[in-house]
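**Student:** If you want the building blocks of each chain, they are given just below.
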Amino acid sequence: MKPTRTRLAFAAALLFIGLPLLLFARAPVPSRTLLKDSLSILTILAVALLLGQFFLARTIPAVQRAFKPPRVQALHRWIGYGAITVLLLHPFLIVLPRYFEPGVRPLDALVTMLTSFDTLGVLLGLACWLLLLLLALTSHLRMRLIKRFRISYRAWRGFHALLAAGFTGLALWHAIELGRHTGWLLGGFFALLAIAGIALLARLYLPERHRPAPQAEGLHI
Amino acid sequence: MTIKSIHGCIGCGECVQSCPCDVIRLDPSSGKAVIAYPEDCQICHLCRLYCPVDAIEMSPEKTLPVITPWG
Amino acid sequence: MSKSDRQDGPSRRQFLALGGAASGLAAMGLSAGWAENRPSVDAATVAGSEHETDVLVIGGGMAGLFAAVKAHDAGARVLLVSKGRLGASGQTPFAKGFFAYDAARESLSIDDFVARVSRSALGTNNESYTRQLAEHSLDRARELKAWGFFDQVLANRPFLKPITARDIPLMERVMITHLIKQEGRIAGAAGFRLDSAETVLFRARAVVLCTGAGGFKPNGFPVCDLTHDGSIMAYRIGAKITGKEWNDGHFTRADNPAACFDNWGDMFERIPGTTGIEVHHDLGVESNYVAYETGNPLPGGPPGSVGGRKTSGGPVTPQEFQRRAGGPGGPGEGGPGSGSRRDGPPPPPDDGRKPAGGAPDFAMNASQMGGASAGMSIHKSEGLVPMDARCNSTIPGLLAAGDALGSHMAGGIYTQIGSSLAGSAVQGAIAGEEAAGYAARSEQARITPARRDGILAEILAPLKREAGYGPAWVTQTLQGVMIPNFVLYIKKESLMRAALAYVEELRDHHAPMLRAADMHELRLAFETRNMILSAEMKLRASLKRTESRCSHYRTDHPETDDANWRAWINILQGADGQMVLEKQPFGSWPDQS
Ligand SMILES: Cc1cc2nc3c(=O)[nH]c(=O)nc-3n(C[C@H](O)[C@H](O)[C@H](O)COP(=O)(O)OP(=O)(O)OC[C@H]3O[C@@H](n4cnc5c(N)ncnc54)[C@H](O)[C@@H]3O)c2cc1C
Ligand code: SF4
Ligand code: SF4
Chain A
1 MKPTRTRLAF
11 AAALLFIGLP
21 LLLFARAPVP
31 SRTLLKDSLS
41 ILTILAVALL
51 LGQFFLARTI
61 PAVQRAFKPP
71 RVQALHRWIG
81 YGAITVLLLH
91 PFLIVLPRYF
101 EPGVRPLDAL
111 VTMLTSFDTL
121 GVLLGLACWL
131 LLLLLALTSH
141 LRMRLIKRFR
151 ISYRAWRGFH
161 ALLAAGFTGL
171 ALWHAIELGR
181 HTGWLLGGFF
191 ALLAIAGIAL
201 LARLYLPERH
211 RPAPQAEGLH
221 I
Chain B
222 MTIKSIHGCI
232 GCGECVQSCP
242 CDVIRLDPSS
252 GKAVIAYPED
262 CQICHLCRLY
272 CPVDAIEMSP
282 EKTLPVITPW
292 G
Chain C
293 MSKSDRQDGP
303 SRRQFLALGG
313 AASGLAAMGL
323 SAGWAENRPS
333 VDAATVAGSE
343 HETDVLVIGG
353 GMAGLFAAVK
363 AHDAGARVLL
373 VSKGRLGASG
383 QTPFAKGFFA
393 YDAARESLSI
403 DDFVARVSRS
413 ALGTNNESYT
423 RQLAEHSLDR
433 ARELKAWGFF
443 DQVLANRPFL
453 KPITARDIPL
463 MERVMITHLI
473 KQEGRIAGAA
483 GFRLDSAETV
493 LFRARAVVLC
503 TGAGGFKPNG
513 FPVCDLTHDG
523 SIMAYRIGAK
533 ITGKEWNDGH
543 FTRADNPAAC
553 FDNWGDMFER
563 IPGTTGIEVH
573 HDLGVESNYV
583 AYETGNPLPG
593 GPPGSVGGRK
603 TSGGPVTPQE
613 FQRRAGGPGG
623 PGEGGPGSGS
633 RRDGPPPPPD
643 DGRKPAGGAP
653 DFAMNASQMG
663 GASAGMSIHK
673 SEGLVPMDAR
683 CNSTIPGLLA
693 AGDALGSHMA
703 GGIYTQIGSS
713 LAGSAVQGAI
723 AGEEAAGYAA
733 RSEQARITPA
743 RRDGILAEIL
753 APLKREAGYG
763 PAWVTQTLQG
773 VMIPNFVLYI
783 KKESLMRAAL
793 AYVEELRDHH
803 APMLRAADMH
813 ELRLAFETRN
823 MILSAEMKLR
833 ASLKRTESRC
843 SHYRTDHPET
853 DDANWRAWIN
863 ILQGADGQMV
873 LEKQPFGSWP
883 DQS
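Chains as they are written, first to last, in this note's numbering: chain A, 1 to 221; chain B, 222 to 292; chain C, 293 to 885.
You may find that some hints are simply not true.
[Claimed, not checked] Lysine-lysine pairs mimicking DSS-like chemistry, simulated, CA-CA at most 30 Å apart:
#1 K147(A) to K68(A)
#2 K836(C) to K756(C)
#3 K283(B) to K225(B)
#4 K68(A) to K225(B)
#5 K437(C) to K453(C)
#6 K225(B) to K36(A)
No lab work stands behind these hints: they were computed from the structure. Fair warning: this is a prediction, and the values are worked out from it, not measured in the lab.
Required output: the full structure, derived from the provided sequences and hints.
**Tutor:** In structure tokens:
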């Protein structure tokens with residue numbers, strides 16, 4: 001068991017941390033201050049790790065076998081809340097450096113940014129932000145929602161997966177439209193990850209419909 | 222190169238308006254800022270200072286030969 | 293002005309986007325100097341809009357801001373139009389020191405202050421305007437403070453505050469090319485938009501020119517958007533222009549001389565602050581003289597001791613105002629390579645807040661390059677001749693303020709630190725009030741359809757020209773003729789006559805054949821024409837002043853000649869279209885003839 005675990009963890013780190021960092025460094029974009037570059041890296045890692053979430057959702061049998069379900073769930077939760085926090089702060093993190101350097105004031109910059117309705121990428125970003133907020137809230141309140149609306153856990157999970165997939169699509173579109181570093185290199189890589197992740201999810205869900213009964217109750221995420 | 226490159230533009234138009242020398246325009250198809258008339262840049266950095274996402278990179282070099290009083 | 297025509301019409305995006313398509317062609321401006329004109333804008337389809345107001349303020353710098361606000365507060369309908377953005381065009385964005393005379397803090401009385409400025413200026417200053425500056429500056433500083441001007445680096449938002457609060461219509465990125473005079477008084481102005489193929493015509497009872505100064509699009513000073521448009525438009529309808537013989541002597545670095553941001557250290561990124569009395573005799577052509585006598589390179593250092601090199605002769609600084617290196621007001625006070633700048637940065641604010649103060653971190657030892665501001669005189673010394681101390685020009689209904697007014701507030705040399713920015717505020721406010729008063733007692737002069745059509749045709753002419761000369765090429769040729777040290781700065785008759793021959797050629801043969809492929813190049817075409825006329829004025833005024841004084845230095849007339857030259861030089865257009873020069877004794881107002 002052990003070697004598989006380390007190997008899996010290593011592969012994951014490579015795919016969701018190493019490669020994005022490499023592609024960030026290779027982006028044909030001038031570097032900026034340490035603060036700004038750090039914030040860019042933070043944001044890119046948040047996106048990469050969020051994409052990784054698809055692969056922690058019971059989609060890969062090897063992962064299921066190697067790790068105990070509660071550990072996978074915990075990881076999924078921590079990554080989710082962490083990355084979502086970073087991305088919810090993303091608009092503010094963009095203008096934050098102006099606190100420490102001359103130029104347009106951070107609040108003015110934020111207002112200009114959020115009111116550039118002529119730009120598709122900005123509209124997409126606003127939509128993503130709301131979707132992400134919804135994703136975080138519904139995840140946090142899932143037990144209450146399940147009770148309140150008397151839905152099955154599976155139904156909630158389906159809703160969660162759909163929301164996540166929808167967010168991912170719009171977010172990548174937004175990133176490719178506007179991202180400083182998300183050119184075809186990083187953007188393409190992210191898109192591949194997203195397609196793979198969503199395809200795995202779909203494979204997991206679609207055939208299930210035809211199955212008579214759920215099994216492995218313990219694996220809910 | 223004067224004003225050198227623009228990365229991560231959100232198309233807000235602040236730089237277009239703030240450039241005293243009318244160097245930058247929004248590209249009609251992409252909606253993003255393009256360096257339309259680099260030879261007229263006076264290297265004053267106003268565009269960079271006004272850009273809400275700090276997308277503009279500058280260089281101290283001029284595209285045209287510079288005429289000075291002596292050399 | 294009616295509500296319907298108050299704002300920009302098409303959306304921000306549409307506007308800013310138009311013309312981007314043409315960029316490819318225009319980027320070739322220089323190499324296409326002789327080529328066929330392939331306009332991306334079809335002159336036949338250019339739209340036109342007309343606007344009407346009581347007071348038209350042209351220019352969105354410090355002077356234009358106050359002119360608009362005060363004209364509004366005096367009860368006039370006001371429209372503010374500017375080639376660039378409010379607070380982000382002209383020289384205002386780069387000035388960080390604002391002189392505010394505070395009687396409670398100063399030991400000098402206003403009388404003493406005026407006397408000191410006059411001693412430094414060798415009589416070239418107009419004492420009414422010097423006094424007025426001191427009297428009103430603190431009030432203007434207080435208003436600016438309330439709008440947040442002293443809280444941030446960039447001026448656009450603080451400037452917008454009083455404009456939006458008063459609902460004053462603002463049209464940005466409109467280049468004015470013509471002033472319109474009818475029935476012997478001002479009737480309006482006309483120009484075109486940069487962002488769309490559209491001419492713009494304004495009918496106004498009074499016009500306040502706040503168009504700033506200008507230069508030959510020099511390298512190393514952020515004035516490349518200014519080409520004395522106001523002076524030239526006014527000259528063409530009969531106004532008198534003064535102060536063209538003075539020279540602003542700002543320096544830049546020999547490495548990458550065009551990089552004005554870099555050469556000014558961190559000045560452009562500072563928060564503005566106020567300054568107290570500090571009178572110098574600065575930034576004339578002393579360093580140019582040293583460079584002329586001893587050659588390139590010119591090491592950095594404070595004025596008077598340029599790189600420790602000694603020269604004999606040259607421009608004279610009055611004893612009282614001579615400085616010693618490292619002494620008070622010595623190196624590090626401001627200005628690229630100048631070692632000191634009378635527009636220097638303000639001292640740190642009392643509350644210990646960041647910026648504003650301190651010295652820019654210039655490499656004082658880096659080699660200097662002159663001509664940073666080539667084509668510009670000392671601030672406030674060149675521009676429309678004022679008829680009185682209320683910013684009226686010699687044309688009824690036409691006023692000017694700030695760098696566009698030849699008020700000689702500081703004289704033919706830089707005297708009080710921070711007074712240029714403050715002077716624009718003070719004069720703008722006075723001109724605004726005065727214009728509102730004039731508009732209230734006068735009728736709108738009628739602009740005949742023939743006159744309107746003639747002007748609009750003139751505006752579009754460069755777009756229609758199938759062949760001609762590219763503005764970028766003509767500008768570079770003009771720079772090559774005017775910017776050499778031995779023409780513009782260290783003057784003598786023979787070379788000025790030679791340069792004048794070139795300039796006349798450009799004026800007669802090239803200016804009428806300037807062509808433009810899009811609205812950006814149309815702007816360049818008019819700017820180029822204005823620079824050519826401004827160059828001619830500089831040469832003629834410099835030839836006429838057969839002495840040396842302040843920032844005007846002639847090797848063939850190196851002495852100050854008080855017997856003949858305690859006088860300003862005014863330029864006006866003669867009946868035959870030629871420039872006519874006249875003397876106006878210091879301390880007098882012009883003849884109204
Ligand atoms: C680098 C630098 C540093 C300086 N530092 C100081 C300092 O510390 N203290 C100080 O007192 N002074 C300083 N000055 C000088 C000071 O900036 C100017 O004297 C002052 O700002 C002039 O204000 P203004 O409103 O008269 O003109 P400007 O600010 O030059 O404004 C001119 C306006 O007219 C508009 N305009 C021009 N032509 C047209 C046209 N054809 N149609 C429509 N609009 C037009 C322009 O777009 C602009 O908005 C500095 C200048 C520079 C360049
Ligand atoms: S540096 Fe100044 S002149 Fe150049 S593009 Fe930016 S704002 Fe325009
Ligand atoms: S200011 Fe910045 S974000 Fe806005 S259009 Fe210009 S480059 Fe793009």
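**Student:** So, for every hint listed, does it hold in this structure?
**Tutor:** Evaluated hints:
no., hint, verdict
1, K147(A) to K68(A), "holds (27 Å)"
2, K836(C) to K756(C), "violated (39 Å)"
3, K283(B) to K225(B), "holds (10 Å)"
4, K68(A) to K225(B), "violated (53 Å)"
5, K437(C) to K453(C), "holds (11 Å)"
6, K225(B) to K36(A), "holds (19 Å)"
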